[in-house]
Amino acid sequence: MFYREAGQFKTSYPSDQAIFPILQDRWTVITILVVAFVVIPLVANQYWLGPILTQFLVFSLAALGLNILTGYAGQLSLGTGGFMAVGAYATFNLVLRIPELPLVVALIVAGVITAFVGVLFGLPSLRIKGFYLAVATLASQFFLIWLFDHVGWFTNYDTAGVASAPSRTLFGALADAGGPLDFLAPINPVVSGPRAATETKYLLTLTVVAVLALMAKNMVRSGIGRTWMAIRDMDIAAEIIGISPIRAKLSAFAVSSFYCGVAGGLYVFTYLGNADTEAFGLTRSFQILFMVIIGGLGSVVGSFMGAAFIVFMPVLLNNVSSVVFGGTLSGDTISNMELMIFGGSIIFFLIVEPHGFARLWQIAKQKLRVWPFPY
Amino acid sequence: MAEKTFKDRIAFHQSLETLEVDFSNVTFSSVDEVDAFYDEVDQQLAKTGRRWYFLIIYLDCVIEPQVWERFAERGKNTNVKYSLGTVRVGASEETREEIRGRAKEDRFRSNIFASREEALFAIAERRKRQEVLVERQTDDYLRVEDVQLLFGGIRALDGVGFSVNRGEIFSIIGPNGAGKTSMLNVINGFYRPTRGQIVFDGRDRTSLKPRAVAGLRFARTFQNIALFKGMTTLDNIMTGRLLRRRSNFLWDAIYWGISKNEEMENRDYVEGIIDFLEIEAIRKTPVGRLPYGLQKRVELARALAMEPKVLLLDEPMAGMNLEEKQDMVRFILDANDQWGITMILIEHDMAVVMDISNFVVVLDHGQKIAEGVPDEVRVDPVVIRAYLGQN
Amino acid sequence: MSDTLFFFEVLIAGLLSGVMYSLVALGFVLIFKASGVFNFAQGALVLFAALSLVILLEYGDGGAIWGWTGWLALILAGAAGVFYMLSRRASVARRLVPSNWMVWGGAALGLIVLGTLFEGDKAMWRAAFITLLAFFVLVVGAKRPGAAAAVLLGLAVACLLPVGQILPGDIWNFWRSIAITLLVMVLLAMAIERVALRPLINQEHIILFMVTIGLNFLIEGMAQGIWDSQVHGLDIGIPDMPIQAIIDSTGLFISTFDVFAAVMAIVLVAGLGLFFQKTRIGRALRAVADDHQAALTVGIPLQDIWAIVWSAAGFVALVAGILWGAKLGVQFSLSLIVLKALPVLILGGFTSVPGAIVGGLMIGATEKLVEVFIGIPYFGGGTESWTPYIFAMFFLLFRPQGLFGEKIIERV
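From first to last, the protein sequence lines stand for chains A, B and C. Mapping to numbering that gives the first Met the number 0: the first sequence position 279 is 278, numbers consecutive. Mapping to numbering that gives the first Met the number 0: the second sequence position 249 is 248, numbers consecutive. Mapping to numbering that gives the first Met the number 0: the third sequence position 93 is 92, numbers consecutive.
Here chain A stands alone, though its shape is the one from the complex (with noise of 0.2 Å):
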């Protein structure tokens, strides 16, 4: 009824090809957008804006950056864990070991660090597939934590093997008053540490999430995006047309660590404040995954969709369950519970749908088209 694309014609290209080429979807992203930038900063309080919100976003860039792998380029992996504490700890010594490096300079070197370790560990991909592939990305998850345990230098020699956060402004002290480019100190917040205020280091990820969500829509909807699906698709094919598999599942490995990685360094500064090891370790890369089989494999929208189901989920559940049974069960019996329901609504979502929200999705946005008259 009001969600109708007649008489909406196109009479370019671009304008056919735009990532919502329809009125209504450009309003409603609009409303988010606006929602999430303005209103939710001025009326969410700090449990909503830091544990939940700012986790949602990190872990929604996270399973991004493995839906461009497993979902639009078709290599199953299961060390996304890895990949993000490569993120997480070069954030965290670029930060140390350079002072004067704005944060956000510092989490996009890292992620350009955490490509090429992605690249590394993705060499093995041009000759494995599938399981056995999935399970020679085990390697990279369980070496790069590893890695981190056993070697001092990543966590600065602390004794207990945990690297905080150190504070730090959005464009590093060179921005500071007196600096020279101290123009931009009227705006230049803290944004990480203790004394970084919730609603900075919120706004900080949520700017870094939204840019780069909306580069992964570019890519996976131009050439680079149609090179990762043929090869997901039919790589035999794709070689024949001309594809190089190497450079595309190297690419994809690329793009995939360098979001991973800037979500590692996210987690770590905006919402943990530091870095530790179990943070990144095994179930973390399954929870991952989760969210991008939940949200749909090969959908943009579907990463933020599992992510949100994944974290709001618990936290939901946790509310029921102290309002229902209101403190009978003994907390053993609610932390197993919580792993049954979580196995059992994986389980079940698989079953109603194995292709994802972002199939719930599209089939809403059809019935909503031809709503009320489907015929």
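Just so you know, not all the hints are guaranteed correct.
Quick partial rundown of chain C residues pointing at chain A, CB under 10 Å, derived from the structure [as the list claims (entries may be wrong)]:
no., residue
1, P198
2, L199
3, I206
4, Q223
5, I225
6, D227
7, A288
8, G381
Within a straight-line C-alpha distance of at most 27 Å, the following computed DSS-like cross-link-like pairs (lysine-lysine) qualify [to be verified]:
no., chain 1, residue 1, chain 2, residue 2
9, A, K9, B, K80
10, B, K228, B, K208
11, B, K228, A, K216
12, B, K228, A, K128
13, A, K366, B, K228
14, B, K208, A, K9
15, B, K208, A, K216
16, B, K283, A, K216
17, B, K6, A, K9
18, B, K259, A, K128
19, A, K366, A, K216
20, A, K364, B, K208
21, B, K283, A, K366
Hints listed in this document are in silico derivations from the structure and should not be mistaken for laboratory results. Just so we're clear, the structure is a prediction, and the values are computed from it rather than from any experiment. Where is the CB? At the ideal position from N, CA and C, for every residue including glycine.
Assemble the complex: chain A is given as a structure, and chains B and C must be docked to it using the hints.
Using the frame of chain A, we list chains B and C on its own:
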């Protein structure tokens, strides 16, 4: 005298270089009859101005003793002038047996057979052996030389060679398992031949990888559709343009400059192909949902988007109904016409092959058993035997 | 002690622990070969089996463990089984069936609530577990209610058997507990088939893989919920002591237990090999693995096959659980040995039973040697977590389908 005239009993088979004379149920009882017949034959042969294989059918033919001498004399004359070799059909089993026996003793070749088919086969064998085939005029655009492909002990291809002209429609036919698809796989680099070479446009490119072959603008469609199932029709066809991509992922990420311009140029070109193949309506449908015939068409579109010089079509019409076949043939001919694409076609529908091909090669058990223009191949008994079996 | 001797001792210890990895890998191979499912939940199955067994052993009395709500559930489920068996023939009863899942679901919920109210946390879990299993197996749609009812009946009988005890207490208790655990594993297999696999026939492999990760969490939670998360010792009467005779003759320290485990593994492999190659079910299994739809077309009962395979995997999990449990104690970390089995699996090839053994030996030896001679002296240890993977990965570079995996032939 039989009811048919002599004129009706003489037939020329151009493709086999054979003159067939049907004497079945004829009785020669006078010298005049013999002369009348040979005059007619000589006259017709003189018109052709060349030599032929003679296939003479003597089934239930009676030559009475008084004309034997005359018959032999005229026959010898004609043979000396026009024959490349004579094969006869007829006589009783005993006579044939006797002649065969004599042939063995005197070491001459028995040339008398029980049926016309056997005789034709003998002619074909002889033609092949003596290599009297007229060499085809070729520009050697794509030349396949003595290609052998072994899988373990199996000879998928065994010494196959042929030459494709620029801009022609060249067909490879043969029974199932003959090695046709293997041949295409060798041509586009998916398999590397154990022996032999492939020369394209004067350059040896036997050992190139599929991707490099694609770089030489070889496109291909597949026997079992090899589309990218998760993508829309438009995206599938756009992948055909990836070969000439100048942008990289950084440009793509910001979707600006090179990336966007290139995207729009490609879209423009692809739209042309979509128009050409009449698939506007399914532009944004995921190909997995399309019916078989349309998928084949999209696959052709993807291949055409590569702006190919050589297009390898592996059974483009398999499993299609008549209308779809007609459409497909039209597209193939138009594409050949419009862009001058050289096409190598594998197809089982003989009517289509014979209609549209410029030249046909027949494979069986990995070997080339015949080649020629469609009319030659159509009646070649070796080919018929390969398709229908030994009997 | 000489260096060579030490080297060999490490090597042999590695090989023997590799056999233990193979045991877990076997469960994977079994399911992958038979259904094309990459079953990540194998570790959880091992945990579940071992935990069930050890707690049954500790109780010593199978009857008490379920609580009376559990018993009620068993009886109700048995009755349901009989009812459905009969309803196959009696049209009157069949007419009642469609609405019945509501009734049974209600009964299950009721029992769970009763258990919670009157018997506390654990009994609630156990009652819920049995009820839900029975519920899924029988009511929601076993194709063979007779078989399901038989399993349930067997379970009830096995629980009641102390009454008719004829062997000395310990041995009797041990074997009865194993029987009960096996029956529970079979029920679990049937339920997994019904709940997770049947709706996903013909889905892509990655989806099935994700489902097993979901199952992994579900079963892990369930195992700890129903039983507990303590560390339990499991004594199967075979000492983890070096064999004196070998020390005397060669000076090597080789544990009796490790040798026993190796023998068990070889017996299992031989048995499974026969099962796959020589039986009709084995052939059906291979057909299913190749193509679900084709197998269905030729009349192979997919559901039964899957239930059988998962039961067999449950059995292998039980054996692995017993051996690992006896070595390390039964605890949550048992489910993590799946991570040790994965490199074994890719090294040996997903579809090869002998591959699992050879892969296990190679991985076991490599990781021990690297840890002892490189990891501990130079890096402070811990290399065991990744050396198997790196080793397997480099191996795959030369043989992408693993040691014994079926060769991947690419066609167009």
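Status of the hints after comparison with the structure:
no.: 1; hint: P198; result: holds, 4 Å
no.: 2; hint: L199; result: holds, 6 Å
no.: 3; hint: I206; result: holds, 5 Å
no.: 4; hint: Q223; result: holds, 5 Å
no.: 5; hint: I225; result: holds, 9 Å
no.: 6; hint: D227; result: holds, 8 Å
no.: 7; hint: A288; result: violated, 14 Å
no.: 8; hint: G381; result: holds, 6 Å
no.: 9; hint: A:K9 x B:K80; result: violated, 77 Å
no.: 10; hint: B:K228 x B:K208; result: holds, 24 Å
no.: 11; hint: B:K228 x A:K216; result: holds, 20 Å
no.: 12; hint: B:K228 x A:K128; result: holds, 19 Å
no.: 13; hint: A:K366 x B:K228; result: holds, 24 Å
no.: 14; hint: B:K208 x A:K9; result: violated, 41 Å
no.: 15; hint: B:K208 x A:K216; result: violated, 32 Å
no.: 16; hint: B:K283 x A:K216; result: holds, 18 Å
no.: 17; hint: B:K6 x A:K9; result: violated, 71 Å
no.: 18; hint: B:K259 x A:K128; result: violated, 33 Å
no.: 19; hint: A:K366 x A:K216; result: holds, 24 Å
no.: 20; hint: A:K364 x B:K208; result: violated, 44 Å
no.: 21; hint: B:K283 x A:K366; result: holds, 18 Å
When each numbered hint is compared with the structure, violations occur for hints 7, 9, 14, 15, 17, 18 and 20.
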